[in-house]
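Trainee: Listed below, chain by chain, are the residues.
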Amino acid sequence: MIRFRTIAGGAAVSLTIAAAAPAQTLPAGPAEFAGGAVTVSGNVSVSISSHDDIAFFNYTDYEHNALRMFRAAVSGAWRIGPRLAVLTEIRSEDGEHVVPYAFYVRARPFAHVPFDIQAGRIPPVFGSFARRSYRVDDNPLIGYPLAYQYLTSLRPDAIPGNADDLLLMRGRGWRASYPVGSEYAAPGVPIVSAYRWDTGVEGNFASDRYDVAASVTTGTLSNPRTSDDNDGPQVAARVGWRPLFGLVLGASAAHGEFVNGEIENQYHPLLGDESYAQTAFGLDGEYSRDHWMVRAEWIHSRWTIPQLGTPLVAQPLTATSAYVEGRYRVTPRWYVAGRADTLTFSRVTGEHLFDGQPTEWDAPVERLEFGAGVYLQRNLTLRVIVQPNWRDGGRVRQRTYPSAELAYWF
Amino acid sequence: MIQRRFVSLLVVAAAIALWPAGAGGRAAAGTIRGRVDVKTPLAPEPSRPDVGALAMPSTREPMDRRRSVVYLETAPRAAFDTREEPHARMDQRNESFVPHVLAIVAGTVVDFPNDDRTYHNVFSLSKAKSFDLGRYETGRSKSVRFDHPGIVRVFCDIHSHMSAFILVFAHRYFAVTDDDGRYRLENVPPGTYTLTVWNETIRGDAPKRAVTIPEGGGDVDADFSVR
Numbered sequence: 030m031i032r033f034r035t036i037a038g039g040a041a042v043s044l045t046i047a048a049a050a051p052a053q054t055l056p057a058g059p060a061e062f063a064g065g066a067v068t069v070s071g072n073v074s075v076s077i078s079s080h081d082d083i084a085f086f087n088y089t090d091y092e093h094n095a096l097r098m099f100r101a102a103v104s105g106a107w108r109i110g111p112r113l114a115v116l117t118e119i120r121s122e123d124g125e126h127v128v129p130y131a132f133y134v135r136a137r138p139f140a141h142v143p144f145d146i147q148a149g150r151i152p153p154v155f156g157s158f159a160r161r162s163y164r165v166d167d168n169p170l171i172g173y174p175l176a177y178q179y180l181t182s183l184r185p186d187a188i189p190g191n192a193d194d195l196l197l198m199r200g201r202g203w204r205a206s207y208p209v210g211s212e213y214a215a216p217g218v219p220i221v222s223a224y225r226w227d228t229g230v231e232g233n234f235a236s237d238r239y240d241v242a243a244s245v246t247t248g249t250l251s252n253p254r255t256s257d258d259n260d261g262p263q264v265a266a267r268v269g270w271r272p273l274f275g276l277v278l279g280a281s282a283a284h285g286e287f288v289n290g291e292i293e294n295q296y297h298p299l300l301g302d303e304s305y306a307q308t309a310f311g312l313d314g315e316y317s318r319d320h321w322m323v324r325a326e327w328i329h330s331r332w333t334i335p336q337l338g339t340p341l342v343a344q345p346l347t348a349t350s351a352y353v354e355g356r357y358r359v360t361p362r363w364y365v366a367g368r369a370d371t372l373t374f375s376r377v378t379g380e381h382l383f384d385g386q387p388t389e390w391d392a393p394v395e396r397l398e399f400g401a402g403v404y405l406q407r408n409l410t411l412r413v414i415v416q417p418n419w420r421d422g423g424r425v426r427q428r429t430y431p432s433a434e435l436a437y438w439f
Numbered sequence: 314m315i316q317r318r319f320v321s322l323l324v325v326a327a328a329i330a331l332w333p334a335g336a337g338g339r340a341a342a343g344t345i346r347g348r349v350d351v352k353t354p355l356a357p358e359p360s361r362p363d364v365g366a367l368a369m370p371s372t373r374e375p376m377d378r379r380r381s382v383v384y385l386e387t388a389p390r391a392a393f394d395t396r397e398e399p400h401a402r403m404d405q406r407n408e409s410f411v412p413h414v415l416a417i418v419a420g421t422v423v424d425f426p427n428d429d430r431t432y433h434n435v436f437s438l439s440k441a442k443s444f445d446l447g448r449y450e451t452g453r454s455k456s457v458r459f460d461h462p463g464i465v466r467v468f469c470d471i472h473s474h475m476s477a478f479i480l481v482f483a484h485r486y487f488a489v490t491d492d493d494g495r496y497r498l499e500n501v502p503p504g505t506y507t508l509t510v511w512n513e514t515i516r517g518d519a520p521k522r523a524v525t526i527p528e529g530g531g532d533v534d535a536d537f538s539v540r
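Respectively, the protein sequence lines represent chains V and U. Residues in the first sequence are numbered consecutively from 30, following my numbering. Residues in the second sequence are numbered consecutively from 314, following my numbering.
Isolated chain U (complex conformation):
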């Protein structure tokens, strides 16, 4: 009897949790899409002159600094529902972290496989997540779970030119731009939101703009220019 009552409570709780946000599920979700045009020159981050080396530095994968992250600064309630423990991956390849910019939702476990030919280390001293995975060899992978929103800068203590960004969000309304700077935020409930852009080259205030998804849903275009 007690067990049956507990199961009933669980069903009710799940139904509440899964109930669509907005006007009782009657409103159609929309899509915010656009392009981020990064005007700043994006040369690969240079290596420190390795004066003590006896050889030319090895070739490394250029950092893709064009990537921006577009996200809703204010997010609807349903944005905070997480129904599974997501996984993401950041490789170590040719003395670079790939991808250079990773955006994840809080609670994501990120795997850091070493797919390079050399030893690597992965660490961060960021407030959002401080960790040190130590040094490990090719073929091995270690993981970190990111529970708190914020910007996490990732480094290798062997190769000072290796760095990456992990942006941890409390909701799922974010997107990383593609090669052309394009992005799509899908299934955004009706409402008015502040849309913001992050790019590592931005100094000062991040570009923002208000966007409104009408009750009937549909696509909304929002382009940005970043200098």
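For reference, chain V alone in the conformation it holds in the complex:
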């Protein structure tokens, strides 16, 4: 093909390629120190939404609203050697105290074996969302999945004396109180906390097709801790499989002592050496191709708590949550995303409440979240979502929240 460009003036044209607007105007990559041994990156996000001081659908274990949050985080990696590094992330939410979200040592004992050990405040091996939730660019929406955020009425440091005590707190997970244990009202726990990571040690073996990870930590999925409070560690494991390009499937399990040791000690003559644990199973999957990305996760958790009085709290208490989320990039800058989410509970039978009929021990919740995002820059994203929630109990049974978030990372 012969193409001939007519140039005005005929002889020459001025090219200003060097002066062309650069693609990035904010820092786009991490900062380096100590000759590259230390790298530091960060992210800042601001989300706004309507006030919610009555329904509490999006409150987190820090008593903050996930849809109305200012978050600033700094991550750092210190590569001590080719097979040894220290990683940390410190975070502040809503400008309050700074929390060491992650702080651990990563080591690869054998140079040619893809086996790594991490010790300290470590990323959870269970499921998939909690490991990626810290990255503001990896959540296509603003809210978190119910399993990782929604506060059930269960607490590790305070327990119901009977089934009616438990049913009384139904749909009030943001501020539950029970007659046994801590006398103060406090938030309950989600199935898996994505807002705190647990403390312990984990190992991970990875190959082209499989990942196998296992950990021993002080807390549980619901209640990650920096120090043990019940002499019972949690053991968790996940097997990941990549059967074909773009598809990742995972299966997880975890088991650990849940109830605070002080309660167990206080009622030891009555309870004996029983174990009061959280046990959870999870399945997760992700498939991406072209401009699509779809993720799904199913988590089933069971807790055993002391049965102190009648009507007895049926054992175990279970909660099951599942979500499907997807993202489609419409153009290089714009994408649309959505998530469908559900959280259900097993039934207990009280005496005075709900006419003595079997009733879910906490109010089931359903949630949709859909919206759109635009990459103002590669590392500067604006998202707008709408999130309707339905709850079969509590003071407010239905509430829809609009929210917008500006997120920047480097």
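Hint data in this document are derived by calculation from the structure and do not stem from the laboratory.
Okay, the calculated bits of chain U under chain V, using three or more residues with CB under 8 Å as the criterion:
1. 365-375
2. 428-437
3. 448-455
The beta-carbon is built from N, C-alpha and C at its ideal position, and this holds for glycine as well.
Since the structure of chain V is provided, determine the placement of chain U on it from the hints.
Mentor: Okay, now just chain U, sitting in the frame of chain V:
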């Protein structure tokens, strides 16, 4: 008859288009050559600390940030003749784009084969060319045609440490430096030009200098130092 007249017109048009630039083709073309010495420390661009990972990051091919592009800021008329649709290639290999710097003429189709062991995506939000090839697996390749001059930054939305530059020129008088920083611009018609250097580490004004190819052609040396 009409067909014969049309063919004659085409022959005349082609002859005009292919007529050498400069003084009716009598002037000899020259070569501009030299070396770009990049003084800035060129450590590979670091990865973000992957705090959520359960394993050491995989090894990746270091970015070759030494590469500079030397080009004529003002180019002769013949520079804008393009007689074929050129192709270029930017691989995805060991979680890097290879080459890290690619210089092409407008109208070039660039292939982006995935030669890595993992899924990749190629996208750009640059004004000169905005595109998103989506995610695709090993062995597949997708292509983009670059029609407008400018700087195009290329990224992978799965691996944030992957980035590359594509410099799109309206003419063909440009060269990417080699491992030693050397370059050659050949077949430059006689005339005086502004020679410019681009390197990703340059902040502020790009180094420039005037060079003259004499009527008789020949080699002209032009070295640069970039800080």
